[in-house]
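**Student:** Could you put the whole structure together from the sequences, leaning on the hints where they help?
Protein chains: 2
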Amino acid sequence: MSLQKLSSNKAFGGELVKYKFKSAALGGLDANFNLFLPANAASGKVPILFYLSGLTCTEDNGAQKGSFLGPAAQEGIALLFPDTSPRGAGIEGEDDDWDFGTGAGFYLNATNPKYAKHYNMLTHVTLELPEIIASAGLPIDLTRQSIFGHSMGGHGALTLYLSSVLKGVKQYRSVSAFSPISNPTQCPWGKKAFGGYLQGGVDEARDKYDATELIAKMGKEPLHILIDYGTGDNFYKQGQLLPENFLKAARDVGYDEVQVRVRSQEGYDHSYYFISTFGADHIHFHANFLKA
Amino acid sequence: MSLQKLSSNKAFGGELVKYKFKSAALGGLDANFNLFLPANAASGKVPILFYLSGLTCTEDNGAQKGSFLGPAAQEGIALLFPDTSPRGAGIEGEDDDWDFGTGAGFYLNATNPKYAKHYNMLTHVTLELPEIIASAGLPIDLTRQSIFGHSMGGHGALTLYLSSVLKGVKQYRSVSAFSPISNPTQCPWGKKAFGGYLQGGVDEARDKYDATELIAKMGKEPLHILIDYGTGDNFYKQGQLLPENFLKAARDVGYDEVQVRVRSQEGYDHSYYFISTFGADHIHFHANFLKA
Numbered sequence: 001m002s003l004q005k006l007s008s009n010k011a012f013g014g015e016l017v018k019y020k021f022k023s024a025a026l027g028g029l030d031a032n033f034n035l036f037l038p039a040n041a042a043s044g045k046v047p048i049l050f051y052l053s054g055l056t057c058t059e060d061n062g063a064q065k066g067s068f069l070g071p072a073a074q075e076g077i078a079l080l081f082p083d084t085s086p087r088g089a090g091i092e093g094e095d096d097d098w099d100f101g102t103g104a105g106f107y108l109n110a111t112n113p114k115y116a117k118h119y120n121m122l123t124h125v126t127l128e129l130p131e132i133i134a135s136a137g138l139p140i141d142l143t144r145q146s147i148f149g150h151s152m153g154g155h156g157a158l159t160l161y162l163s164s165v166l167k168g169v170k171q172y173r174s175v176s177a178f179s180p181i182s183n184p185t186q187c188p189w190g191k192k193a194f195g196g197y198l199q200g201g202v203d204e205a206r207d208k209y210d211a212t213e214l215i216a217k218m219g220k221e222p223l224h225i226l227i228d229y230g231t232g233d234n235f236y237k238q239g240q241l242l243p244e245n246f247l248k249a250a251r252d253v254g255y256d257e258v259q260v261r262v263r264s265q266e267g268y269d270h271s272y273y274f275i276s277t278f279g280a281d282h283i284h285f286h287a288n289f290l291k292a
Numbered sequence: 001m002s003l004q005k006l007s008s009n010k011a012f013g014g015e016l017v018k019y020k021f022k023s024a025a026l027g028g029l030d031a032n033f034n035l036f037l038p039a040n041a042a043s044g045k046v047p048i049l050f051y052l053s054g055l056t057c058t059e060d061n062g063a064q065k066g067s068f069l070g071p072a073a074q075e076g077i078a079l080l081f082p083d084t085s086p087r088g089a090g091i092e093g094e095d096d097d098w099d100f101g102t103g104a105g106f107y108l109n110a111t112n113p114k115y116a117k118h119y120n121m122l123t124h125v126t127l128e129l130p131e132i133i134a135s136a137g138l139p140i141d142l143t144r145q146s147i148f149g150h151s152m153g154g155h156g157a158l159t160l161y162l163s164s165v166l167k168g169v170k171q172y173r174s175v176s177a178f179s180p181i182s183n184p185t186q187c188p189w190g191k192k193a194f195g196g197y198l199q200g201g202v203d204e205a206r207d208k209y210d211a212t213e214l215i216a217k218m219g220k221e222p223l224h225i226l227i228d229y230g231t232g233d234n235f236y237k238q239g240q241l242l243p244e245n246f247l248k249a250a251r252d253v254g255y256d257e258v259q260v261r262v263r264s265q266e267g268y269d270h271s272y273y274f275i276s277t278f279g280a281d282h283i284h285f286h287a288n289f290l291k292a
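As they're listed, the protein sequences go chains A and B.
122 is the number that our numbering gives to position 122 of the first sequence; each next residue is one higher, with no gaps.
255 is the number that our numbering gives to position 255 of the second sequence; each next residue is one higher, with no gaps.
Hints were generated in silico from the structure; no laboratory data involved.
Check each hint, because a few of them may be wrong.
Since the list gives no way to pick one copy over another, a pair counts as held whenever it fits inside one copy or between any two copies.
Said to hold, decoys possible - Cut-off 27 Å, straight-line C-alpha distance, at most; resulting in silico cross-link-like pairs (DSSO-like, lysine-lysine):
id, residue 1, residue 2
1, 5, 237
2, 18, 237
3, 192, 208
4, 191, 18
5, 170, 217
6, 20, 167
7, 22, 217
8, 248, 22
9, 45, 191
**Tutor:** Here it is in structure tokens:
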């Protein structure tokens, strides 16, 4: 698993580097990611915040459009931007739809044999990327990880965080999301993804990959969750996101606004213009826990 | 010249709107631009800052990747992002090269008959866009205009500003640029553009479209110029930008660092990662003059 540097850009006193490596989790395919190291990484290990992007995106969208790098540089936090799926698996039909297959990995491990060799973004993000960073000797303190994401990536961030808390692993100190798919077993995007990637379909997803179902099982574990969504978001209006379901489940098991904060932002939509507006807020939220 | 709204995104408490209209300056072709209005535009006219993008770009690059909207919202300044050339003129060869024709209008008015009907980005930016904004009743105070840009757009911003000062028009209160093409009659990009668009070629460009030549004629007019370029910029290293020539010409005629400030930024490149790093700086620079 050796890392190849594809490009490097100085930004906000730090450096954004695009890497490529042969990903075992993704069946031996090449995988790219962007890593932003703030200037203070030159003098010691820094905490890391993972950003999971949404449908159709790559490792570039968040890095280019999120307005995250400035606040991360200010806080002294690294940012890691993975891709959103394997690329070039050669599976029949994987490039037919924008909301399934390439660009739409849903941050799960596929169990449908057709996809199980390559579509393992869960392992890629939670295990493989931290390992490859550590083995490359990059100046990251892996005891200080947090995660955030947008839309499908918000779903990924919430489910990876909650699963890790449920398992008692506590891989991530905090999670945040912009317009997350919050109850995917109840929305068209989620049903399609789970129906395709998982042998057991939506039923198999319920206990593992649905943030609303996951938080409904909790109540005692301390949580640090921030969610923003816009009331002008067409996908929200179409019932793809369902943040109210997540909020209700959280309140029903006793989480208050300090532990699970869900903010409705008047008139904002699903775009990176929305994300960038609240990007600094999210970075500072995570910094509270990453630097504690 | 009626304006059609193509899309609208709430951002940083304000609104980014993409407009389309039939552009007389561009020979009747459809032209797009993005306009960001900060929240305070709801209660009165606001100053406006034009951003001219570089080769291959559209009206979207600066809006999406520049990290300009947040600082502009904070300062209460509107941002206007024009396209970089006419689109679809149907002139033979206009789509063959990335540095000439479509996406590469160079902010001039063509005199070569082949291009003269459509390639008039100078008139489009300096006259047509302000007019259409005024006639649409948008809440912009056109007595408070400034301009900035990147690369080819830095060339555009500098030459439009200096020409207006030389003519005594003072359309723009201040100018800034990221990695501008500063002496285009001396670099390959400029020679190619002027050779193609202008009947008199590079000779015709010297007095009108070369920032270094323009400033060399001045010395008495008060100027407000800020330029940033990166020492890791490959186009700088290849001699396409030549900011030192501009700086020397400015100093030779007596402009000091207060009036003409050219900053060399160690290790930065030509990308939007560089631009976004210093984006807030440039917005605040212009705010000093726009709000004076």
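**Student:** Output the numbers, in ascending order, of every earlier hint that fails for this structure.
**Tutor:** 4, 6, 7, 8, 9
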